[in-house]
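Enquirer: Model the full structure from these sequences, guided by the hints.
Line by line, the protein sequences give chains A and B.
Each residue of the first sequence is one higher than the one before, starting from 0 at the first, in numbering that gives the first Met the number 0.
Each residue of the second sequence is one higher than the one before, starting from 0 at the first, in numbering that gives the first Met the number 0.
Treat the hints with caution; some may be incorrect.
What the hints assert, rightly or not - Okay, derived cross-link-like pairs now, PhoX-like style, lysine-lysine, Cα gap no bigger than 25 Å in a straight line:
no., chain 1, residue 1, chain 2, residue 2
1, A, LYS26, B, LYS127
2, A, LYS42, A, LYS61
3, A, LYS6, B, LYS35
4, B, LYS17, A, LYS164
As the list claims (entries may be wrong) - What follows is a set of in silico ranges between Cβ atoms, one per label pair, in the way DEER data are often shown:
no., chain 1, residue 1, chain 2, residue 2, range
5, B, GLN30, A, ILE7, 16 to 26 Å
6, B, LEU39, A, GLU44, 18 to 28 Å
7, A, SER157, B, LYS35, 20 to 30 Å
8, A, GLU132, B, ILE115, 46 to 56 Å
9, B, LEU121, A, ASN79, 27 to 37 Å
10, B, LEU39, A, ILE165, 34 to 44 Å
11, A, LEU22, B, GLY111, 49 to 59 Å
12, A, GLU43, B, LYS127, 25 to 35 Å
13, A, LYS61, B, SER101, 51 to 61 Å
14, B, ILE110, A, SER25, 54 to 64 Å
These are calculated hints, taken from the structure and not from any lab test.
Nothing here was measured: the structure is a model prediction, and the numbers come from that model.
No residue lacks a Cβ here, since even glycine has one placed at the ideal position from N, Cα and C.
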Amino acid sequence: MEREIEKIYIRRILEGDIEVFSLLVSKYQNLVFTICSRVFDNKEEAEDIAQESFIKCYQSLKQFKGESKFSSWLYTITYNTCMNHLKYKKRQTSVEDIANVADQDIIEQDHIFAKLEQKEQTNLIQQALSKLELDEQMIIQLYYYEELPIKEISNILSLKIENIKIKLFRSRKKLFNILSLHSQCSTLIYE
Amino acid sequence: MNNNIPDPLDSWTRQTIKKVTLEKPSADFNQKVMSKVLNLSTKSNKPLISNTLWLIFSATLAIIIYLGTLLKTTDLFFGANFTNKYISRWALQLLNDWNLSSTLTSIVVSIGIILIVQIIYLKQWHSKKWNTLT
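Expert: If you want it as C-alpha cells, here you go:
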C-alpha cells in the first residue's frame, strides 16, 4: 500500500507537480539525516550532505523503475553521497578488531549499561555507531532498525549476500566492544 | 562464521539499536531542500524554441526563399502553369549560372565557419557562466 502511494507521488513529481517531493522529504528526512550524521560529526555538514542526497534523488527520479522500494533506492543514494564525501575525509577508527564475546560479557555489559540513564545510553549507542565504518553502520541500521532483509541490503550496498552476513557478524562484535569500552568509562565517571 | 549457530550478540544488537531514536535535522530542512529543487527545475526549463522547431523553421524558410526566387522570375511574367512546367529546369539553370570567384567563395566559407564556431563556443561559455551564477 505504502509502496503504491509512493509510486503515485513519484508519477506526480515526474509530471511536474514538484511540491509533492516535499512529502517524500518529510517522510525520509530523519532517516537520511541520521545516516549522514553518524558519518559526519559536524551537524551542519551532515545536513548539507542529507540535502545533497535528496537533490540527487530528485534529479535521478526518472531512473527509478519501481522494482525496489523507494526507501532502498534513497538509502543507496545517501550511502553513495556519504562515500563520495568520505573520500576526502578519511576516518580512522581507534577500536581494534575483534575480541570474541562470551555470554557472560553480554550480561556484564547489560548490567553496566542499565546503570546509565536513558539519555546517556542513547548518546553512547550513537557514539559507538559513529565509530563504525560507513558500510557497517548502514548494515546495522538497515538490518536492525529498518528490518530489511539481507538480500535487499546487499542490493543497496552493492555487496554479495555472504559479504553482508560476514560484515554484519563483525559489526555486531565491533559495536559491542566499542560500547563496552565507552559505557565502562561512563559508569566510572558517574560513580 | 557459522550461520547455523545463533550469535548471542544478535538479540543484544537488536535491543540496543531499538533504544536509539532517529536524529532530526533542523526545522527548515524540508524548505531548504524544496527551494533547491525548485531552483533546479527552473534552471532545467526547456528553451523557448526547441531544436525541432528551429529545424522546421529553417526548412520552411529555405523553401520560401527557393520558391520566392522562382516565383519572382517566372510567375510574375509567365504565370503559374509555366512555373509548374519548367520549375526543375529553372532550378538547374540557376545552379549553372551561379558563378563566383574562388577568392570570394573562400572568404564566404571561412566567415561561415568562424561564425558557427563562435556561436557554439559562446553558447557553451554563457551557459556555463549561467549555471555557476545560479
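Enquirer: Decide, hint by hint, whether the structure agrees.
Expert: Verification of the hints:
1. Restraint check for LYS26 of chain A and LYS127 of chain B: the C-alpha separation of about 35 Å exceeds 25 Å, so the hint is violated.
2. A hinted pair counts as satisfied when its Cα atoms are at most 25 Å apart, and LYS42 of chain A with LYS61 of chain A does not qualify at roughly 30 Å.
3. At roughly 22 Å between alpha-carbon atoms, LYS6 of chain A and LYS35 of chain B fall within 25 Å of each other, so this suggested pair holds.
4. Between the alpha carbons of LYS17 of chain B and LYS164 of chain A the distance comes to roughly 20 Å, so the proposed pair stays at or under 25 Å and holds.
5. About 23 Å separates the C-beta atoms of GLN30 of chain B and ILE7 of chain A, a value consistent with the hinted range of 16 to 26 Å.
6. The hinted window of 18 to 28 Å between LEU39 of chain B and GLU44 of chain A holds, with their beta carbons roughly 21 Å apart.
7. The supplied range of 20 to 30 Å is met by SER157 of chain A and LYS35 of chain B, whose beta-carbon atoms lie about 27 Å from each other.
8. About 53 Å separates the C-beta atoms of GLU132 of chain A and ILE115 of chain B, a value consistent with the hinted range of 46 to 56 Å.
9. The hinted window of 27 to 37 Å between LEU121 of chain B and ASN79 of chain A holds, with their beta carbons roughly 36 Å apart.
10. For LEU39 of chain B and ILE165 of chain A, the Cβ-Cβ distance of about 40 Å falls inside the hinted range of 34 to 44 Å, so the restraint holds.
11. At roughly 53 Å, the beta carbons of LEU22 of chain A and GLY111 of chain B sit within the given window of 49 to 59 Å.
12. For GLU43 of chain A and LYS127 of chain B, the Cβ-Cβ distance of about 29 Å falls inside the hinted range of 25 to 35 Å, so the restraint holds.
13. The hinted range of 51 to 61 Å is satisfied by LYS61 of chain A and SER101 of chain B, whose Cβ atoms lie roughly 52 Å apart.
14. Remark: the range hint 54 to 64 Å for ILE110 of chain B to SER25 of chain A is upheld by a beta-carbon distance near 58 Å.
When held up to the earlier numbered hints, the structure conflicts with 1 and 2 and fits the remainder.
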